[in-house]
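Asker: Protein chains in written order, with numbering that gives the first Met the number 0: chain A, 0 to 318; chain B, 0 to 318; chain C, 0 to 318; chain D, 0 to 318; chain E, 0 to 318; chain F, 0 to 318.
Hints are supplied without guarantee of correctness; some may be wrong.
Since copy identity is lost for identical chains, a pair holds within one copy or between any two.
[As the list claims (entries may be wrong)] Calculated lysine to aspartate or glutamate pairs in the DMTMM-like style (CA-CA distance at most 20 Å, straight line):
| id | residue 1 | residue 2 |
| --- | --- | --- |
| 1 | K176 | D289 |
| 2 | K18 | E42 |
| 3 | K86 | D289 |
| 4 | K211 | E297 |
| 5 | K147 | D289 |
| 6 | K80 | E4 |
| 7 | K234 | E62 |
| 8 | K288 | E112 |
| 9 | K147 | E42 |
In case anyone wonders, no lab produced these hints; they're calculated from the structure.
None of these values were measured; they are calculated from a predicted model.
Protein chains: 6
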Amino acid sequence: MLIKELKVGEEVTSFFLVKAKNIKTSSANKPYIDFTFQDKTGEINAKLWDVKGDIENIYNPGEIVKVLASVTQWQNNLQLKLIKIRKVEPEDNVDYGQYIPVAPLDPETMFNEILFFINKMENRDIKKLTLTLVEESKTKLMYYPAAKSNHHAIKSGLLYHVIRMLRTGEALCSIYKNCNKDLVFAGIILHDIEKLNEMHANEFGIVDEYTKEGQLLGHIIMGIKRIEKTAESLKIDPEISLLMQHMILAHHYEPEFGSPKKPLIPEAELLHHIDMIDARMYDMNKALKDLPEESFSEPIFVLDRRRLYRSKLAVSEEE
Amino acid sequence: MLIKELKVGEEVTSFFLVKAKNIKTSSANKPYIDFTFQDKTGEINAKLWDVKGDIENIYNPGEIVKVLASVTQWQNNLQLKLIKIRKVEPEDNVDYGQYIPVAPLDPETMFNEILFFINKMENRDIKKLTLTLVEESKTKLMYYPAAKSNHHAIKSGLLYHVIRMLRTGEALCSIYKNCNKDLVFAGIILHDIEKLNEMHANEFGIVDEYTKEGQLLGHIIMGIKRIEKTAESLKIDPEISLLMQHMILAHHYEPEFGSPKKPLIPEAELLHHIDMIDARMYDMNKALKDLPEESFSEPIFVLDRRRLYRSKLAVSEEE
Amino acid sequence: MLIKELKVGEEVTSFFLVKAKNIKTSSANKPYIDFTFQDKTGEINAKLWDVKGDIENIYNPGEIVKVLASVTQWQNNLQLKLIKIRKVEPEDNVDYGQYIPVAPLDPETMFNEILFFINKMENRDIKKLTLTLVEESKTKLMYYPAAKSNHHAIKSGLLYHVIRMLRTGEALCSIYKNCNKDLVFAGIILHDIEKLNEMHANEFGIVDEYTKEGQLLGHIIMGIKRIEKTAESLKIDPEISLLMQHMILAHHYEPEFGSPKKPLIPEAELLHHIDMIDARMYDMNKALKDLPEESFSEPIFVLDRRRLYRSKLAVSEEE
Amino acid sequence: MLIKELKVGEEVTSFFLVKAKNIKTSSANKPYIDFTFQDKTGEINAKLWDVKGDIENIYNPGEIVKVLASVTQWQNNLQLKLIKIRKVEPEDNVDYGQYIPVAPLDPETMFNEILFFINKMENRDIKKLTLTLVEESKTKLMYYPAAKSNHHAIKSGLLYHVIRMLRTGEALCSIYKNCNKDLVFAGIILHDIEKLNEMHANEFGIVDEYTKEGQLLGHIIMGIKRIEKTAESLKIDPEISLLMQHMILAHHYEPEFGSPKKPLIPEAELLHHIDMIDARMYDMNKALKDLPEESFSEPIFVLDRRRLYRSKLAVSEEE
Amino acid sequence: MLIKELKVGEEVTSFFLVKAKNIKTSSANKPYIDFTFQDKTGEINAKLWDVKGDIENIYNPGEIVKVLASVTQWQNNLQLKLIKIRKVEPEDNVDYGQYIPVAPLDPETMFNEILFFINKMENRDIKKLTLTLVEESKTKLMYYPAAKSNHHAIKSGLLYHVIRMLRTGEALCSIYKNCNKDLVFAGIILHDIEKLNEMHANEFGIVDEYTKEGQLLGHIIMGIKRIEKTAESLKIDPEISLLMQHMILAHHYEPEFGSPKKPLIPEAELLHHIDMIDARMYDMNKALKDLPEESFSEPIFVLDRRRLYRSKLAVSEEE
Amino acid sequence: MLIKELKVGEEVTSFFLVKAKNIKTSSANKPYIDFTFQDKTGEINAKLWDVKGDIENIYNPGEIVKVLASVTQWQNNLQLKLIKIRKVEPEDNVDYGQYIPVAPLDPETMFNEILFFINKMENRDIKKLTLTLVEESKTKLMYYPAAKSNHHAIKSGLLYHVIRMLRTGEALCSIYKNCNKDLVFAGIILHDIEKLNEMHANEFGIVDEYTKEGQLLGHIIMGIKRIEKTAESLKIDPEISLLMQHMILAHHYEPEFGSPKKPLIPEAELLHHIDMIDARMYDMNKALKDLPEESFSEPIFVLDRRRLYRSKLAVSEEE
């Protein structure tokens with residue numbers, strides 16, 4: 000049974016991924032475990048009051064557990080009271096992927112959509128450069144998130160981020176005729192490409208750490224170097240290589256966010272705004288989608304601690 | 000003959016609007032007048048070496064003059080050497096409008112496009128509120144610029160700004176499903192509506208000063224008050240009135256740019272970015288469109304003194 | 000017995016309001032409750048070592064309890080060791096108000112002082128506008144605090160804040176003759192008037208949350224709208240309505256504190272400084288009044304984490 | 000005849016102080032002099048079209064001239080057209096002081112008012128320290144301005160600044176009982192005392208430069224050192240000396256304005272606000288007093304380039 | 000046995016200083032103590048699982064304990080599992096100094112090096128002033144740290160900070176000939192001299208609190224006053240006294256770090272950079288010296304939360 | 000005769016470089032030319048009162064002129080009154096280099112000193128990488144300045160900047176043992192290497208403009224790319240290449256000055272400070288060296304508009 004489908008009063012048997020685990024002391028002065036469980040549909044709090052075994056070393060985050068539990072309610076939120084719990088075993092045939100938040104579109108489909116955009120490019124050099132880099136990066140691109148903990152921190156999140164930006168970019172280029180479409184599309188596709196090497200993520204799209212080069216240089220500088228070298232080896236027009244590098248360099252816009260140069264061409268300016276819109280819409284949808292109407296969220300760290308409002312007119316996107 | 004069509008070596012007879020006039024002293028120690036002339040296609044420098052009459056009081060900015068001149072060149076720019084000059088006279092039948100920069104679309108057409116967007120709104124209250132305010136504002140809306148000297152500081156510039164934002168808003172709402180389209184469209188249409196009363200502009204869209212209320216409160220606060228009162232008199236759902244006011248309040252995003260609250264609903268977030276994109280694309284196109292390829296502009300004040308680059312791949316939009 | 004009167008070594012029977020309650024574990028590994036008790040004279044820490052009953056659900060914050068306790072000392076602070084404790088009961092006839100910090104002046108007296116100031120106004124429009132708004136607001140004004148947790152966060156705190164500001168304003172206007180007294184007084188009386196609708200406070204002056212409009216617009220914008228509408232309905236001279244709105248708008252002075260416009264008239268400038276002085280004197284007196292001479296306070300959050308000093312020459316105001 | 004009394008169309012004979020002088024070229028291509036004249040009632044522009052003699056070296060700023068002139072008007076401002084002009088001569092018996100802006104109160108009277116405040120002090124050490132420093136400083140205090148070009152940049156401006164602050168301080172101490180009056184008064188009297196040695200001013204209160212110590216240390220540090228040494232020699236209670244030094248140190252409030260420590264005692268906090276109020280009221284009155292009603296000033300540099308508004312309700316103080 | 004010499008699997012008997020102590024609850028729901036032990040070679044975590052006696056009041060920070068323990072490992076760090084523990088007793092003859100981090104050079108040697116630098120000074124006034132102040136301060140200088148918790152927060156840390164700065168200063172003066180060596184050396188020796196009176200430190204160089212004058216004025220202002228008075232009593236050339244005071248005043252460079260004036264002489268500029276280099280090298284060496292190669296540190300608070308990198312080429316200095 | 004050697008009252012015949020030229024109008028209403036002349040020893044103002052020929056087009060900046068002039072004095076500065084003037088002619092055999100400010104050391108000598116430092120490196124990879132890049136850059140390095148208008152804006156200024164930094168680096172590495180000398184030296188030698196391609200300078204070390212890549216990426220990013228590619232082609236240990244790139248990236252320290260990452264290794268930290276010291280000492284020496292003792296400079300733009308002080312103890316370095 001999926002977390003989204005639980006109802007108060009039921010007793011359920013199900014598998015969940017342990018996202019967090021805290022050992023606490025009850026009012027009766029006994030230790031209990033306070034869990035956060037997760038599947039691809041959401042998260043839920045769970046209490047294990049009667050702990051047996053090595054409390055420190057069992058049911059750790061990242062493991063999947065099978066539980067029997069009753070669904071209760073506390074301060075408007077559902078909660079699980081655990082009756083039985085055990086670790087997942089091979090014969091359970093559990094699909095780990097069901098417990099991981101993942102982009103709403105299929106990676107292969109998204110990758111093909113990128114190829115479709117590349118295919119539309121008219122400038123042969125931009126097309127060749129973009130295609131080469133995307134194909135070299137395909138393996139990781141299929142599952143990498145777009146960030147460690149902020150927007151699109153989900154499996155295949157980077158692909159999803161790029162796809163939505165491409166659609167936005169296409170619409171904007173039809174309105175703002177002073178932008179070279181090929182540059183805009185290539186900028187979108189490549190702007191975060193070295194996030195694939197700045198962070199280390201596992202096959203579930205979960206980032207555990209930044210790489211050495213990621214910490215010492217960052218994905219913007221790494222992306223510029225990669226474009227430089229690939230463009231040289233492909234004998235791309237140096238002006239194009241330079242413009243692409245400038246777009247990567249300027250896409251965070253403010254020096255304190257990592258861009259030592261501000262956009263000097265309209266395509267770089269547009270890239271920045273498209274990136275911001277996609278990130279903000281994602282974060283806002285995530286914060287608001289499970290909130291009751293006419294209520295405010297908790298302060299959202301990545302949104303400058305704003306407390307968002309879900310109005311009577313609010314609509315949500317399922318992702 | 001239009002400024003854009005002038006060629007070195009020609010002798011031309013034409014009308015121009017005096018945009019600036021400076022009295023200087025020549026190397027032969029004689030006074031001369033250094034003009035900037037303008038028509039709807041651009042600007043050009045002109046020198047009147049042989050001044051007759053009351054040098055201080057003739058040919059002032061805002062007047063139209065008829066000139067006979069030869070077209071010369073100085074440091075890559077065309078220049079006029081004036082042979083004859085006189086003030087325009089009624090019998091010249093000059094159309095003043097030909098000398099004023101004006102939005103590339105017809106005001107009536109743009110106004111109708113706004114009505115078309117309003118007509119698509121599903122929420123009756125938002126529709127009624129927006130329609131009422133737009134109709135009340137029609138007279139000024141037809142010719143007001145969007146600013147005194149920055150983006151869209153042209154006749155009917157505010158209408159043009161709104162139209163392009165509406166088109167962008169429509170495209171974005173089809174991608175970002177977590178935004179209520181009606182709110183986004185209404186926010187776009189009304190976000191600067193009180194610029195009509197914050198600044199005083201003449202029929203050519205030229206702003207001479209800010210109004211008293213404009214200086215003491217500003218168009219954001221004025222817009223909120225107007226929505227409040229109109230919504231009350233139309234008996235609009237208070238939640239809708241409140242959301243519309245919040246969108247106006249937050250659309251400059253940063254407190255130091257006039258928004259004491261940041262966007263707390265996704266529609267307000269989107270409104271801000273659409274506004275920024277349209278202003279920036281306008282300013283960048285203006286700065287780049289007459290620049291040679293592979294050259295940099297002078298520092299542009301409204302773009303944080305950036306020196307923009309016109310690349311080999313640059314495209315321009317005529318406006 | 001009041002908290003201020005407790006002495007080490009005594010055994011007391013008294014009522015207190017539970018301000019905070021934390022369940023902890025003793026060195027003997029048993030749960031105990033660590034309370035903060037409050038009455039109108041101050042706060043004190045209390046320990047309940049021998050807990051009976053449902054430790055999670057008894058004696059919660061906001062409840063009044065009757066206790067038998069011995070007064071001990073720990074690190075220069077008095078503490079209560081609880082011997083007996085029970086919830087208050089109806090037959091105890093406890094006056095809840097005795098446990099709530101409250102302004103040192105009677106609300107009715109303060110309200111009359113405001114009327115007295117209004118009565119002195121010479122400009123009929125300012126007088127009418129101010130009187131109308133104050134009378135409409137009287138009910139809430141009698142008990143609202145001036146803030147949720149900062150200065151004057153006490154019952155009738157807003158009234159007290161206004162009264163002290165009025166006295167200061169009167170003194171300053173007699174020195175700085177370039178200010179219109181009526182504007183200054185009206186600005187003081189109305190500057191925070193919509194805090195009554197920005198926050199929700201109970202009859203004890205305790206704020207539990209901000210209202211929807213408070214979060215989306217804030218009391219400054221709400222105050223401007225209210226003045227606009229009231230002034231219109233009273234047919235007040237629009238210049239006066241505008242000046243009053245500007246004073247409300249500018250009284251926080253800095254954009255990042257909520258004022259998109261800085262004061263453009265001397266009365267607005269003065270209003271800001273009077274507001275600051277009153278808030279700072281209140282906070283400093285509160286932080287210093289119970290400190291020993293020649294010692295420093297803890298860092299005070301609302302005073303930029305300054306550690307205030309209580310000198311040998313310090314005097315305190317009881318409030 | 001005083002500048003304030005001039006009327007369009009009159010011909011006047013009068014003395015003025017040359018405040019500024021610029022050599023320009025007329026439209027007839029001849030040099031003329033553009034003056035700013037000043038007396039204690041104000042400033043006026045004057046043109047000398049027919050220049051005789053060494054145009055570079057005659058009628059320089061700081062000199063007094065006798066003129067015959069007709070009063071004309073240009074863009075709402077009065078102007079003098081000079082018919083005759085000559086330098087002042089000894090036998091003119093001109094009182095230079097009449098041409099210098101000067102505080103509206105007599106220095107001796109103001110000095111006595113300071114002594115009166117000192118006399119009211121109850122703490123013998125504070126009284127002795129303040130009196131000693133004031134008496135040592137009397138000579139310069141009688142004519143020094145409070146600043147080179149900002150607020151109270153007039154003869155005896157520092158005394159006037161202190162007097163108004165003392166009156167404000169007295170009023171505030173009667174409302175805010177948590178401040179030690181003696182500390183507040185002494186802080187006011189001494190806060191800028193070393194401006195007398197930070198800047199060099201002539202007998203007319205005009206500052207020509209900062210002193211070496213003024214530039215390397217500044218009046219705040221210099222004031223602290225002076226209090227330290229005077230207090231030591233008078234055997235003042237060290238706590239009092241320390242508190243006085245802290246008040247001097249903190250009175251600019253923000254590090255970027257010269258205060259490395261923020262106020263840690265309420266008297267220092269109050270001193271800062273009183274200082275600000277007096278400076279701002281002075282600057283605002285100066286900017287507004289000659290402005291027509293319902294008009295805006297030019298941007299005022301010392302007031303963050305605000306354009307102040309003179310409302311229909313504005314009152315001015317003559318100073 | 001010293002902490003640096005411990006190896007996994009050993010059983011050791013040794014003395015340690017208790018640096019921190021936390022009472023926690025085990026998974027078996029029993030209290031245990033989690034210690035940080037320290038000696039002059041480093042720090043180690045230790046667990047006491049079987050607690051006897053008054054758990055709150057035994058083995059507190061600052062005490063030395065004798066333990067029997069086995070050395071274990073947890074997450075790459077060594078840990079002690081305590082078998083026996085008792086308080087140090089007089090007959091243990093423990094040298095408290097062995098447990099305190101201390102500068103790597105002998106205080107007397109360092110003090111003599113300062114004298115050596117003073118002896119090289121050519122300007123008699125600078126020499127006399129510096130020597131007098133250093134000799135007056137010798138007692139505290141021998142053991143004071145340079146800070147409460149940041150760089151050189153070790154016994155004799157201030158001396159060590161000064162010595163390294165002197166060596167750097169000497170090298171730089173031989174390269175940058177536009178600096179007066181005597182001023183630079185004197186500036187280095189005296190720049191933090193009043194830290195001796197700004198903080199209260201015990202004989203082990205551990206700071207418990209800031210003094211009253213330290214909090215109200217700070218060591219920069221205190222240092223200026225001390226130089227002023229000493230220079231006056233020694234009849235030092237006032238220019239020299241002034242330059243020395245300016246160097247003290249400007250050495251933190253930025254107003255927000257305590258310097259209201261920026262360096263106006265090159266010697267003051269150099270002093271600032273030498274101070275920064277020495278502090279930063281100290282903090283970086285401390286953070287990196289025990290880190291494995293090719294790994295990153297935790298975020299370091301005093302280094303703007305940077306996560307430092309220990310490269311394959313890193314070298315460390317033992318201190 | 001050199002500018003430094005001129006004396007009031009003399010009549011001189013000499014060559015000068017025209018640095019600036021302004022056409023002005025005399026009090027007798029005639030045009031004259033106001034020059035700034037320059038040679039390698041300094042600058043001087045000169046007036047040409049009697050202009051013959053095409054005043055706009057003769058004696059322009061960048062040209063060398065031969066003059067006969069008398070040396071006069073105005074406001075403490077020497078000035079030339081020109082009697083004769085003509086353009087330089089080939090047969091004058093003028094050495095243009097004598098009129099250009101140039102580093103005080105011979106470029107070949109400085110280049111050899113760099114090689115000497117490279118030769119001392121122990122790490123073969125760092126040595127090879129540095130040597131390769133320096134040799135590739137030798138041609139431009141011999142004459143390039145370190146900046147367009149700030150510190151070391153002189154012929155061979157970049158070499159001179161590097162040499163002084165190397166000497167400082169060597170001294171600091173002998174004191175701060177936690178830095179790898181090879182990394183520090185290589186960082187110093189290469190930190191600004193791409194300034195050679197960021198700006199375009201002529202053979203006299205005068206920069207006329209920034210390059211396209213310089214404006215779109217900047218020398219930091221360009222330097223990183225160059226190290227990356229050179230290191231790859233030389234098969235340098237990737238860790239070393241990465242560390243070198245990090246040092247380049249972080250050497251401006253603050254994001255707003257172009258460094259998106261702060262130093263994470265001590266060698267990068269040291270590099271930044273050495274760079275700052277050398278630039279600041281250069282700028283301060285330049286500002287102070289011709290100033291009279293006990294006087295203040297004008298505000299120096301590159302030093303945050305500080306007005307530097309030349310004390311009685313000041314020493315200068317001739318450069």
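Asker: None of the hints should be skipped; say for each whether it holds.
Answerer: Outcome of the hint check:
1. K176 <-> D289: between (39 Å within a copy, 15 Å between copies)
2. K18 <-> E42: within (8 Å within a copy, 33 Å between copies)
3. K86 <-> D289: neither (29 Å within a copy, 38 Å between copies)
4. K211 <-> E297: between (34 Å within a copy, 14 Å between copies)
5. K147 <-> D289: Classified as neither: same-chain Cα gap 22 Å, cross-chain 28 Å, threshold 20 Å.
6. K80 <-> E4: Answer is within; shortest intra-copy Cα gap is 16 Å, inter-copy 48 Å.
7. K234 <-> E62: Neither: 49 Å inside a chain and 43 Å across chains, both beyond 20 Å.
8. K288 <-> E112: neither (27 Å within a copy, 33 Å between copies)
9. K147 <-> E42: Answer is within: at 18 Å inside a copy they meet the 20 Å cutoff, but 32 Å across does not.
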